[in-house]
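> Residue numbers (our numbering), protein chains in the order written: chain C, 1 to 238; chain B, 1 to 260; chain S, 1 to 229.
Rather than coming from a laboratory, the hints here were simulated on the basis of the structure.
Zero decoy hints are in this set.
If you only want the chain C side, here are some residues facing chain S, beta carbon under 8 Å, derived:
1. Q154
2. P161
3. R164
4. S166
5. A168
6. G175
7. W176
8. L182
9. T204
10. A205
11. S208
12. A210
13. T223
14. A224
For every residue, glycine included, the Cβ atom is placed at its ideal position computed from N, Cα and C.
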Amino acid sequence: MRAFARLVARADGRGGTALVELRGETPLLLRQTPADGGVATVHIVGGAAGPLAGDDLRLEIEVGPGAAVRVRSVAASIALPGRPGAVSRVAVRAVVHAGATLHWLPEQLVAAAGCAHLAESRIDLAAGASLRWRDELICGRYGEVPGGAVVHTQVDYAGRPLLRQSLAVGPQAPGWAGPAVLGGAPATGSLLVVDPSRPTAPPTAEGSVARLPLAGGPATLWTATAPDAHTLRAHLTV
Amino acid sequence: MRPDTVVPSAVPAVEPITPPATPPHDETVPHTHPEPGVDPHPPLARAGRALRVGIGGPVGSGKTALVAALCRAFADELRLGVVTNDIYTTEDADFLRRAGVLDPARIRAVETGCCPHTAIRDDIGANLDAVDELAEAVGPLDLVLVESGGDNLTATFSRGLVDRQIFVVDVAGGDKVPRKGGPGVTAADLLVINKTDLAPMVGADLAVMDRDARARRGDLPTLFLSIVGDPTATRVADWIRHELAHHAALHPLAVPVGPT
Amino acid sequence: MATPSLLLLLADGRFPAGAHAHSGGLEAAVAAGRVTDLATLEAFLAGRLATAGLVGAAFAAAAHRAAVPETVGRADALARLDAELDARTAAPALRAVSRRQGRALLRAGRAIWPDAAFADLPATPTGAHQPLVLGLLCAAAGLSRLETATIAAYGTLTGAASAGVRLLGLDPYRVQALLVGLADACDGTAADAARAADDPPERLPAAAAPLADIHAEIHATWEVRLFAS
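Hey, can you work out the whole structure from these sequences and the hints?
Here is the structure:
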């Protein structure tokens, strides 16, 4: 299954945000929901199970100068096996202009047994843009060994590389569950906060969570591993 | 005020601080003088770069106590920095800080990955970086003391890292240590036999140690020391002053060339 | 042309570039109770090779590519690689370690190959990233891009393995046997890294390891540590 969705937000000139484009295709459907704290909110409504290997889903987001959008999803997405040898792919491309804000806070991605999944996000932030971007990965449904999943995130700020990370789990990723990568934790994720209005706090780490100020801009990455999705969410809610 | 340039005959020596508790020169304790007849307090010339003196020796022989004593001795006389290589990284540095003998900004600790001898002999980059960082942080220095992590009798400093090295052993380690030799005992520019005050308690014969040290070291100097009785390690400090003068002659301060 | 001896010389842990003082995150993993024996050390090494090893090797290979004499804009290319590697190193402690190791390697490199292109490295006060210095140094020694990537990948394995012997008192013969078992993976990682160096900098490998970041930041706060990283 292939699907394309697009969301374009513009400042409405009255201090709010208008969604000037909001379209999608099954299984990538977008619904505007009541504004959450004055921020235009969009939910991704999964129109089918999956993604299944072979699916190719693409989402484009553009947030115009001064606009603010929050994107959530109604449920976790579960990457499942499909056609043999095929890969499921979810690509998100976001552009956030100066003075604009994007919050990307979807539910978890679950890598089910036998899946072959690639989640690719590419975010371009203009100088002065703000971002909250959370990725959460659950390695297998309960008691299950996951298939292959790669979560790749590429973020530029003001034309400079800010974050590049590619987390791979599953049989094709040597040592992924070992003490150098996840240490046996079934849940892992990160929250990237870009906020040009505030100085970044110094790094800190405790247990299996760290707060990491990045080199390429006014940004902080929280990274965590956890025994379950609930604990992970608590680590990545700041 | 320290003179920035020194005209040996015209500028009086910086008045040496009188050590508060220097014991009278005890001729019953065997010792060799570094260079008899040399004034230990000549006016110190400024050198183009700091003299780097390594202080090595076995665990517990009193390296850190000697560094602390030298910090006291040179506190108002020299621009001093200290690099420590203790395997416990900050422990030695913390000792010096707690002793209040040196501004913490003048102390750098180097991690050695359980290989204290490697860090001072085979792979000296981290120590050289620490020396550079000290100068960057606090300005030019006259003397940098590089203290090794406690190791064994075979650990010595690379000549790429230090200009002179002092090896510290103590009488409690047994009076046969100088006889055993090893590169530290035989080749160090100065051998310090420390904790002489403990000699009666551990049954160490200082005369034996002196004789063996002479046999091992030829003309190289050996000093007996008790920091309990001499908290500024007077004669070790004097030896360093002397070496500083040699060093300054070899590495003259670059003098801006004026119009001719 | 380079001789095999130069490859061996630069890959040797005794090459004076400070490797002995770095455990590659192992000291913190041991303290966290995650590495305790040969099996967990092997899993650690495999994960480290596939993440930090791949990224470091790819950047060394890319810097080697930038060092070839006909390259125009070498300084710009290295500055871009520097920023891209920063973006792949989320933990400030790991950025600092990479630059510290780069400075140590540069000290050795300048003394041994004074004519190498080190002046084109970005003038970062804390030093250039280690893989960039390694790429230039290997180019100056006449090594190939693949040999450069191999040295980088191999270094991420042997440094941590040697630290394992020292920290856990593991049988050194069995640790060497473990490295023999990882040799194919190391060569494969190096080959992947050398190929990746043809891609534009933003496409270079970015393999992440959450625990490497977390361990590094925890380690940096210790008052007492045996290893610099």
